[in-house]
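Asker: This is what each chain is made of:
There are 2 protein chains.
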Amino acid sequence: MTMSELKINQRLIMTPGPTMVDPRVSQAMSNQILGQFDPDFTDIMNENMALIRKSFRTKNQWAFPIDGTSRAGNEAVIGSIVSPGDSVLVPVFGRFGDLFVELAERAGGKVTTMTTEWGTVFDQDRIIDEIDRLKPKVVAIVHGETSTGRLQPIDRLGEAVHRYGGFLVVDAVASYMGTPVEVDKWQLDAVVGGAQKCLSIPSGITPITFNDRFAEEINQRKRVEQGVRTATDREGRNFITSNYLDLTQLQDYWSPRRLNHHTEATVADYALHEGLRLALQEGLNSRFSRHLKIHRALNDGLTAMGLSIYHAGDHEMPMVTCVQIPEDLDGDAFRAKLLRNFGVEISSSFGSLQGKIWRIGTMGYSAQKGFITNFVALFGAALLQSGISVDLKAGLDAVEAAFTTPKQTLKTLEV
Amino acid sequence: MTMSELKINQRLIMTPGPTMVDPRVSQAMSNQILGQFDPDFTDIMNENMALIRKSFRTKNQWAFPIDGTSRAGNEAVIGSIVSPGDSVLVPVFGRFGDLFVELAERAGGKVTTMTTEWGTVFDQDRIIDEIDRLKPKVVAIVHGETSTGRLQPIDRLGEAVHRYGGFLVVDAVASYMGTPVEVDKWQLDAVVGGAQKCLSIPSGITPITFNDRFAEEINQRKRVEQGVRTATDREGRNFITSNYLDLTQLQDYWSPRRLNHHTEATVADYALHEGLRLALQEGLNSRFSRHLKIHRALNDGLTAMGLSIYHAGDHEMPMVTCVQIPEDLDGDAFRAKLLRNFGVEISSSFGSLQGKIWRIGTMGYSAQKGFITNFVALFGAALLQSGISVDLKAGLDAVEAAFTTPKQTLKTLEV
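Residue numbers (full-length UniProt numbering), protein chains in the order written: chain A, 1 to 415; chain B, 1 to 415.
These aren't lab readings, by the way, just hints derived from the structure by calculation. Model, not experiment: these values are computed from the prediction. Beta carbons are placed, not taken as given, at the ideal position from N, Cα and C, and that holds for glycine. Treat the hints loosely; a few may be bogus.
The calculated SDA-like cross-link candidates involving lysine to any residue, where the alpha carbons are at most 20 Å apart (straight line), are [claimed, not checked]:
1) LYS7/B / GLN226/A
2) LYS222/B / VAL101/A
3) LYS110/B / GLN226/A
4) LYS7/A / GLN27/B
5) LYS337/A / ASP40/B
6) LYS7/B / LEU278/A
7) LYS356/A / LYS110/B
8) LYS7/B / LYS337/A
9) LYS7/B / LYS356/A
10) LYS110/A / PHE239/B
11) LYS135/B / ASP86/B
Just a sample of chain A residues kept apart from chain B, beta carbon distances all over 12 Å, derived [stated by the list, open to error]:
12) LEU99
13) MET114
14) ILE128
15) ASP246
16) HIS261
17) PRO326
18) SER348
19) GLY355
Please take these sequences and the hints and turn them into a complete structure.
Answerer: Below you can see the structure in the form of structure tokens.
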């Protein structure tokens, strides 16, 4: 078999992930490998822990990456905190709430769900009432639900969960590094971030953090594996089913004990280091403002063009824009053509929203004026070509105007 | 917090993984991201499946990577085939046999182990007798046991396991791409390869393969997750505990159905593509001969220098050299100095072998004349500096001589 080397065609990726990678991250990834126990590498591991803490605005000791994609992070957290029979409450407002249900069920949890109409979020009081009623061990909730483009307020849930000794687990995969995720201030017990979303590094590594109380709870299940186990390692009750995603063993790997576990994904750690370094160098608040500003500009542009935003203004994620697909247009066929002819990628959605909305991401590296200006121009042109009547000039003017808005006005948009 | 960009120091990594990455692989990894459902990317996924099949010399339809390190691959296979109560036989001859025990126990398997002295391998007849006695559902065995440097013959086990309808699972993480792993010829039902060993790509992605009979068995446990489940997706009995490492869901992702699961680790797939392409371009037989030749040359060099090889000639892996640490020398202190002063990395071992042997890897990209010549020179020099009397000239002469051996003689070394 002869096979050619890769030839990657030019793309303008405007999906809610995976996003385009910052070229500076790619450069960092081209560095040579270091051994996993090389002191130079364990220094990088420690720096990554420090960077992750900063990114989550937490003082938690436990802040490290999982060597897997975001769902591996979610599974590591749920699989470690949920023992068979544990009560778990999952408020579901989109596809990734379903994933939490799935993970909790696989862990043997007794899951109670509550739902709200897709395209909306929960009033926190409604969730708190349910917490008061159920007193669950775990509440697992999505912060930024990319499937519907909603940002769920979660700042008051921690306090409610803690009244009954429970744990609040948050999937912040899509919101992380694009809007504040205040781990300590909001009393979140375990949080999962994302790589290939607003951090703009390649998929395959997932930063997480959890607090000491969470650590104490999961360590009751601790089982150090045969082969590296010592006489002082007792085996906990109800050990965690996964070895690879066992947070208690990962703690031993991500601490001075450096107990042999997997072979850390060196290059992914390089990417994480550079991605987080760039984000903190930009400043988290500036980064969050940038996302909001770009999101508003894109919204303005698409609206001015004559398109309708799905559930406009209703707790929109400031990095995902959901556009209603014009009537009589096959959304998937249009997307395929947009990609094939123009190299521009946008997303469809899941379940009941499939065929109804397109999702456009402005995350991390892609949240730049140049990209969204090009995007609006190409997207509008492709719509015109498909016979959809849009006002392309009005759209582009609105994007331009969004960037000439006086600073004063923008201030009020800041989070 | 200000943090500098990464500065990676020069290294000569001669460990049994992670190995130095071929620079051509790093270049492939610097390509831009593609979306996971971009036809250009799904083409790459399909090419990777074809490349993995070739690498394992199998006609299996199911050959794809797991987005995690090698142990994630092992867990995916064991966690999918072992249901609670299933009988599992694990012949243990080193640390990675223990890992199979661990994974099978976490999956709820009833595990029987058999052991042999570390530094040796099993006579296959002994294992076959045990298979006849136990008739286990699963036999899980390591092919190349890096902890002791042994290569276990496994060509006759499949037939024995199949007599009772069982499944043979093989950890070929360290042997893969360095010595033949004949999946079809040896009747191996599921096999896990490695990235950061003889393939010389970064850790974080793991090629696996399994046959249709294995697929049929695990699909009785299939559970398609909520959110992407359709009316025709029935839920199997005893569903697999992990979602992330559920091979049945991964089959749906790695097939025309392309059912949404995780976000494939794009750049890791680029690395896998280039690593496998280079290996197949070299030719598997040539690659295996190269490993053997380099291994012999290193053995000759170290022996001529006056060092002793651990269990010399006894089923040595042709990519791991185990050297007995000279008496009165602190092996770990020496390794630290070798790394600090010369930038050269070698490994210690586990358990009872810790402090007794060093392990030197000649895997993939590091299995080159230039590297081992430099290695022998630096290693010998460091030993001299530590007061160990070695004959450095004799060592270097022996390495040189190994490469001037007439082709005729080498022929007999080929596998």
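Asker: Against this structure, judge whether each hint is valid.
Answerer: A quick look at each hint next to the structure:
1. LYS7/B / GLN226/A: 36 Å, violated
2. LYS222/B / VAL101/A: 17 Å, holds
3. LYS110/B / GLN226/A: With Cα atoms ~16 Å apart, LYS110/B and GLN226/A stay inside 20 Å; holds.
4. LYS7/A / GLN27/B: Holds - the C-alpha atoms of GLN27/B and LYS7/A are around 12 Å apart, at most 20 Å.
5. LYS337/A / ASP40/B: Holds. LYS337/A to ASP40/B sits at ~14 Å (cutoff 20 Å).
6. LYS7/B / LEU278/A: 15 Å, holds
7. LYS356/A / LYS110/B: It is violated: about 50 Å lies between the C-alpha atoms, which goes past 20 Å.
8. LYS7/B / LYS337/A: Not satisfied, since the Cα-Cα distance of roughly 43 Å exceeds 20 Å.
9. LYS7/B / LYS356/A: 48 Å, violated
10. LYS110/A / PHE239/B: With Cα atoms ~16 Å apart, LYS110/A and PHE239/B stay inside 20 Å; holds.
11. LYS135/B / ASP86/B: Roughly 11 Å between the alpha carbons, so the hint for LYS135/B and ASP86/B holds.
12. LEU99: 6 Å, violated
13. MET114: About 15 Å separates MET114/A from the closest Cβ of chain B, which puts it past 12 Å; holds.
14. ILE128: Holds: least Cβ distance 25 Å, greater than 12 Å.
15. ASP246: 8 Å, violated
16. HIS261: 8 Å, violated
17. PRO326: For PRO326/A, whose nearest Cβ neighbour in chain B is about 22 Å away, the distance exceeds 12 Å, so it holds.
18. SER348: 9 Å, violated
19. GLY355: At roughly 15 Å from the nearest Cβ of chain B, GLY355/A sits farther out than 12 Å, so the non-interface label holds.
When each numbered hint is compared with the structure, violations occur for hints 1, 7, 8, 9, 12, 15, 16 and 18.
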